[in-house]
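Asks: Work out the full structure: start from the sequences and follow the hints.
Line by line, the protein sequences are chains A and B.
191 is the number that our numbering gives to position 191 of the first sequence; each next residue is one higher, with no gaps.
231 is the number that our numbering gives to position 231 of the second sequence; each next residue is one higher, with no gaps.
Derived from the structure by calculation, the hints contain no laboratory data.
Errors might be hidden in some of the hints.
Stated by the list, open to error - Calculated pairs, SDA-like style, for lysine to any residue (alpha carbon to alpha carbon, straight line, at most 25 Å):
#, chain 1, residue 1, chain 2, residue 2
1, A, Lys89, B, Gln20
2, A, Lys89, B, Leu216
3, A, Lys26, A, Glu181
4, B, Lys16, A, Pro119
5, A, Lys89, A, Arg116
6, B, Lys257, B, Leu279
7, B, Lys16, A, Gly108
Stated by the list, open to error - Interface residues of chain B toward chain A, partial, derived using beta-carbon atoms under 7 Å:
#, residue
8, Pro2
9, Ser6
10, Glu210
11, Ile213
12, Val217
13, Gly218
14, Ala219
15, Ser220
Stated by the list, open to error - Per the computed footprint, the stretches of chain A lying under chain B, defined by three or more beta-carbons under 8 Å from a beta-carbon of chain B, are:
#, stretch
16, 90-98
17, 105-111
Quick caveat, the model's predicted, so the values are computed rather than measured.
Ideal Cβ placement from N, Cα and C applies to all residues, glycine included.
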Amino acid sequence: MIKFQNVSKIYNSDICALDNISLEIKEKEFVSIVGRCGAGKTTLLKLLLAEEKPNSGQVFFQDNDVQKIKSRHLPELRRRVGVIFQDYKLLSSRNVYENVAYVMEVMGASNEEIKRDVPQVLEIVGLTEKRENFPVQLSGGEKQRVAIARALIHRPQLIIADEPTGNLDPYHTQDIIKLLEKINELGTTVILATHYKEIVNGLKKRVVTLEQGRIIRDEEKGRFIL
Amino acid sequence: MPIIISLKRIFNTGWKSFSQNIGLSVATVFVLVLIISLASSLFIIKDATQFVISDLQEKVDVSVYFKEDCPEENILVIKEKVEAISEVKRVEYVSREEALESFQQRHQDDEVLMSSLDELGTNPFLASLNIKSWQASQYASVVNFLENNGFEGQIAKIDYFQKKPVIEKIFSISSQINITGLILGLIFSIIALLIVFNHVRLAILNSKEEIEIQRLVGASNWFIRGPFIVQGIIAGIFAVFISVLIFGLGIFFLSPKIGEIVPGFILFEYFASNFFMILLIQLLVGIGLGVISSSIAIRKYLKV
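Replies: Shown next as structure tokens:
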């Protein structure tokens, strides 16, 4: 489903974020990408969404070379992916309900579908009470859960979670991880970037370890070792 | 109907941000009202001057007087030749007797004139051709034709030269009004373009982060750009509404005064009968400016 082929990314001509990475992720896999801050996890995910371009190498998503997709077709790629961003990226002028509904609006879902699905997802992430609140009125953990709800709402084929538990307490962290596992069991590919040891070790799934822009370990049922 | 749903959503989003940035929106609408009013005024002024000009032109003609000894047949031959000129609208022959008759009729109450005419004993009037051309600017060439085709010997005088200043004045006023209107219209349109452009530019810069997020969750280019164009359209529609109101009221109250300045031109009646044309011009100007300037701003500042 996803293939990185000898991908390198260099920022400002001397900061090497990714150094000749090759990686393949199959459909329905649950892959944790671990590493210290600045190891290149977020860059890897940005390349997959065509948010950044690699300096060399190719990135494939469902057999399409992501960098060759014309800008007007990029929305179609992005709609197949649900992303939980590290910094949430919520629309500040819209409330919780509208933020989640926006993705469905973008996809052209009918008003009935939106009215049916959004409350369900908000219930899953425990935000039914806060549906009218705007992002500024939410705690970090709540914003994170809105971001998760938004990533799930359109049942994407791939979910990319970039530090999705960074702002959650242990109780909610477990909930979210269980949710991601559940989604994965239902057939969605999940890529989880994190630097939390406990989460990764508890999952007992594939772990790709990055260090200074290189893959130093790639193990099925791996553990967080740095 | 995904397209209709999307259009509806794009419109709703546009309306939302239009109403959220109310200060900026009011300023934009205000400027558009100025421009639309100017465009409509130009349209009305153009027609009003046209009315005045054609009214005056109807009154202006050139008379060619023939010498006393010039036989009527010769004059009628000249008349035919003049009629054949394409610039000439109509030619009227006035014989010496007819000229005398009409003079007598006009001044029958003026005893002094009548008695001096009697004392004269002969008919002092000359036969003439009254020539009317389609446009004031064409008289010169008609006169030129008469002077250079061997008719000079039979012609006593052409009174074009007495009327020439009037004719030229009409001509220059009408072209001046057109030119001034065009220049003013152009300047104001550029100002309006810049202001709407700036409105949309600020709106884009304000929501830079939102646009980035919309891109990342897979919104298509038009789903993101559409609302900004919609803002331009909404500003245009509001401006048209206000302009129509201002114009309707203004014209209703000004109409009698204009009627005094331009007799026969009833402004309100004119406005009422040309309402849809004026409305169309206003809509074209308002919405056109809104769409053009927001499109330019989007192209420049919204790289999706």
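Asks: Return the numbers of the hints above that this structure violates; sort them in rising order.
Replies: none
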